[in-house]
Amino acid sequence: MPHCPRRSVDNDRARRTGRRASGTSTRYSPHAVDRLSRDPIMPTTSLPEPGRPQVLIEAAGAESILSLDRDGIVALYKAHGALLFRGFGADVAQFRAFARLFCSTSVFNESPGRRQIDPEHNILTVDGGVGAFNLHPELSREPWKPDAAFFGCLSAPKRGGATTICDGVALARSLPDEVKRGLAGRRLVYVKPTWPELLRYWLGTDNPSDQQLAAPPPSCPYGFRRLDGHVFRFFSRPALHRPMFIDAPAFGNFLLFARFNNNRPDHPLLDDGRPVPEAWLQAIKAAGDALAVAVAWQAGDVLMLDNTRFMHGRTAIIDRGERLIATFFGYVDFAIPDPEEPADPIWRQIDFIPPLPPDYPR
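For the sequence shown, the working numbering gives the first residue as 1, with consecutive numbering after it.
One or more of the hints may lead you astray.
[As the list claims (entries may be wrong)] Below, simulated EDC-like cross-link-like pairs (lysine to aspartate or glutamate); rule was C-alpha separation at most 20 Å, straight line: (1) K180 <-> D272; (2) K180 <-> E278; (3) K78 <-> E49; (4) K78 <-> D338; (5) K285 <-> D177; (6) K192 <-> D247; (7) K192 <-> D266; (8) K285 <-> E120; (9) K192 <-> D359; (10) K192 <-> D206; (11) K285 <-> D266; (12) K180 <-> D289; (13) K192 <-> D118; (14) K158 <-> D319; (15) K192 <-> E110; (16) K192 <-> E178; (17) K158 <-> E322; (18) K158 <-> D127; (19) K192 <-> E340; (20) K192 <-> D271; (21) K192 <-> E341.
Don't read these hints as lab results, they were simulated from the structure.
Please put together the full structure from these sequences, using the hints given.
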């Protein structure tokens, strides 16, 4: 088979929606369609304002994050794309259960330096380094970029180590006209090597023929090319894309992280095979840095991001031992189908673990 056997997923969960909330700070009525809790003590919800792009939902008492109304959260998520839940004291079990209220499947992030917290449910730490990270959507370097990114603060740093967030729609809007014109209608191409296990997973063989490389199964998210005796995989995405729940151009890809963290100005490439001009990259970084907002962590916080709209990064970590952030990257059960994906892709059917590279610690 081209990939591993598929486990069935319970898709009976209703797809529920809610109205967009209005105003700047509100306590939800128990009779409102967009309420957040049926408890007598309501959490306080503050909608985004200048300098704070995320919705802030603060506990009013000792209520659990699991008591919040799913419909209201989904409505806020669709409308605003970033939600910070504070004062609920979420631990690992609550963090996992909360993320699973919205995501039917998840993906394992094989980025190096992450420790497993709850491996059965794809909950890992963030990268274990201490350097600052440039803005990026999670796993935008792969064709299975998650819909949603969840971060849970299990231990908060006293200084440094904030998570930065930036609305990709606002970033696209703020780009210089020359860069906007340069990116409009263009695609970014991600070219990466392969190894036998990966080829076997997607193509059913360690040693595919040229015919097999030219016609991968419909379920495969990659194209393939043989060059100088080596097989490469590739996929592409729009340089400016449309997020899942807002009809506006957004910037959200791997360019900034590749250039300014990995020192790779050639990944991804433009659709003509050329690197994105350095002047464009510098302008995009400057615009993103100006818009990025730091979320200073408190223990028990949960940050929920629309990964198709928001990018995130981090400030430098002062004391690695103080900071413990859990992550969960998943696919929401109210997703709008993405024409860039294969039909019914494997990552929307099962908790997905992609083929791991040969140098991945086993």
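Results of checking the hints against the structure:
no.: 1; hint: K180 <-> D272; verdict: 17 Å, holds
no.: 2; hint: K180 <-> E278; verdict: 14 Å, holds
no.: 3; hint: K78 <-> E49; verdict: 17 Å, holds
no.: 4; hint: K78 <-> D338; verdict: 15 Å, holds
no.: 5; hint: K285 <-> D177; verdict: 15 Å, holds
no.: 6; hint: K192 <-> D247; verdict: 31 Å, violated
no.: 7; hint: K192 <-> D266; verdict: 12 Å, holds
no.: 8; hint: K285 <-> E120; verdict: 36 Å, violated
no.: 9; hint: K192 <-> D359; verdict: 15 Å, holds
no.: 10; hint: K192 <-> D206; verdict: 17 Å, holds
no.: 11; hint: K285 <-> D266; verdict: 16 Å, holds
no.: 12; hint: K180 <-> D289; verdict: 17 Å, holds
no.: 13; hint: K192 <-> D118; verdict: 29 Å, violated
no.: 14; hint: K158 <-> D319; verdict: 8 Å, holds
no.: 15; hint: K192 <-> E110; verdict: 15 Å, holds
no.: 16; hint: K192 <-> E178; verdict: 29 Å, violated
no.: 17; hint: K158 <-> E322; verdict: 7 Å, holds
no.: 18; hint: K158 <-> D127; verdict: 18 Å, holds
no.: 19; hint: K192 <-> E340; verdict: 18 Å, holds
no.: 20; hint: K192 <-> D271; verdict: 15 Å, holds
no.: 21; hint: K192 <-> E341; verdict: 18 Å, holds
Taken one by one, the earlier hints fail for this structure at numbers 6, 8, 13 and 16, listed in ascending order.
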